[in-house]
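As they're listed, the protein sequences go chains A and B. When the letters of the first sequence are read in order and numbered with this note's numbering, they come out as residues 1 to 223. When the letters of the second sequence are read in order and numbered with this note's numbering, they come out as residues 224 to 446.
Hint data in this document are derived by calculation from the structure and do not stem from the laboratory. We treat Cβ as the ideally placed atom computed from N, Cα and C, and that holds for glycine. Accuracy of the hints is not assured; some may be wrong.
Covered, in the sense of this in silico footprint (three residues per stretch, anywhere, with C-beta under 8 Å from a C-beta of chain B), are these stretches of chain A [stated by the list, open to error]: (1) 10-22; (2) 31-45; (3) 104-111; (4) 120-129; (5) 138-148.
As a plain string of letters, each chain reads:
There are 2 protein chains.
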Amino acid sequence: MADTSTAAPYPATDRTVPTRYRERASYDRELVHGILDTAYLCHLGFVRDGAPVVLPTLFARVGERLYIHGSTGARPLRAAGQADPGLAVCLTVTHVDGLVLARSAFHHSINYRSVVVHGTAHEVTDPREKREALDALVDQVVPGRSRDSRPATAKELAATAVISLDLNEVSAKLRSGGPNDDAEDLGLPHWAGVLPLAPGYGEPVPADDLDPALAVPEYLTAR
Amino acid sequence: MADTSTAAPYPATDRTVPTRYRERASYDRELVHGILDTAYLCHLGFVRDGAPVVLPTLFARVGERLYIHGSTGARPLRAAGQADPGLAVCLTVTHVDGLVLARSAFHHSINYRSVVVHGTAHEVTDPREKREALDALVDQVVPGRSRDSRPATAKELAATAVISLDLNEVSAKLRSGGPNDDAEDLGLPHWAGVLPLAPGYGEPVPADDLDPALAVPEYLTAR
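Working from the sequences, and respecting the hints, build out all of it.
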């Protein structure tokens, strides 16, 4: 993957400049990639019969392109394949890092990192790109896993649709740190601070029919 | 809050019946309420200039109504207040409960519980409902917290917009359990099973300017 740390930021557009808390917005590629790469779930928005639809789905990033997959019968994937020039989407990824408790109800907040991508999704038709995208989707959830599983068959590939969304119109938004109480509230007798939050992984649960000789792989125990 | 455990399920509509994995869908009110009540973050979708927008935001449930708040200057809140008869939205809540590793790349999945609400959002103008909604928004994140913080002033109430969305067109979707590998893959030498996932809370971090005499409240230590 290309080193993008010195690359130009994503250009700010009318719809990626927030109306509120502009100081929380960022267009830095490295920052955006970092938020995306530590996630695998996104919320994909599209318009169907004039109304918005938001569905949770897995995604993967490969360079400056995101991939989403699903059954060839799933609505957004069918729509992206049929629509010309593609399907207008908004793809949003959010990490919650902490609950922010202020003395005042008004200043309660959460610490978060989010990325919003606007663009047009297209069906991936090139067989090689499609296969690489499906590997990336597995590896986005569990890095390294695609090499430790049975690759997709031609039939499975045919049953799966993949759509791509290029990272052109992209913004990140972040909040961190403690509560921002008003000066006159600092003496109030309410605890104030942050309750940190991070994904908590449990012990891996082997499949009922798993050969007991197969140990839990290191890419899981490392989490 | 009314006991809804014996209430009729939400009616299935064209847009709440999924095209795929219909057996994973549910319209049970108690199930839907349970998924909503253990969350506080939603992804709100709406249409702006013909294109979809998906933003992460806090929400609260009170009975069969959801509330969202924000600055009176924020786009969706402004749009809901100005639009007649309101703003068409899709509000989605997702919990990820586990990563599902199958022998085949194709059968990788995640265990999740999600709720999708379609409807029209309206600005809350009644002062009493607005105040109760703001309390509910604080309590949705940290139950009991609204009683242990300084209530909103008239000025703060005026600076905050609240929109409501009734639970009419609602569906839940769930996946649980282990991987569903094909019979011919069961002997492959790849570990298969589930990596459970749940929110992990860290130690509460007091605000820099907090009076050290104020102990961490029980509603935080209980998490």
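Going through the hints against the structure:
Here the segment 10-22 of chain A counts 3 residues with a CB under 8 Å from a CB of chain B, which clears the bar of 3, and the coverage holds. Chain B is given as covering the segment 31-45 of chain A, and this holds because 5 residues of the stretch bring a CB closer than 8 Å to a CB of that chain, at least three being needed. Counting residues of the segment 104-111 of chain A whose CB lies closer than 8 Å to any CB of chain B gives 5, which reaches the minimum of 3, so the coverage claim holds. Remark: the segment 120-129 of chain A is not confirmed as covered by chain B, as 0 of its residues place a Cβ nearer than 8 Å to a Cβ of that chain, below the required three.
Given as covered by chain B, the segment 138-148 of chain A passes the check, having 6 residues with a CB less than 8 Å from a CB of that chain where 3 are the minimum.
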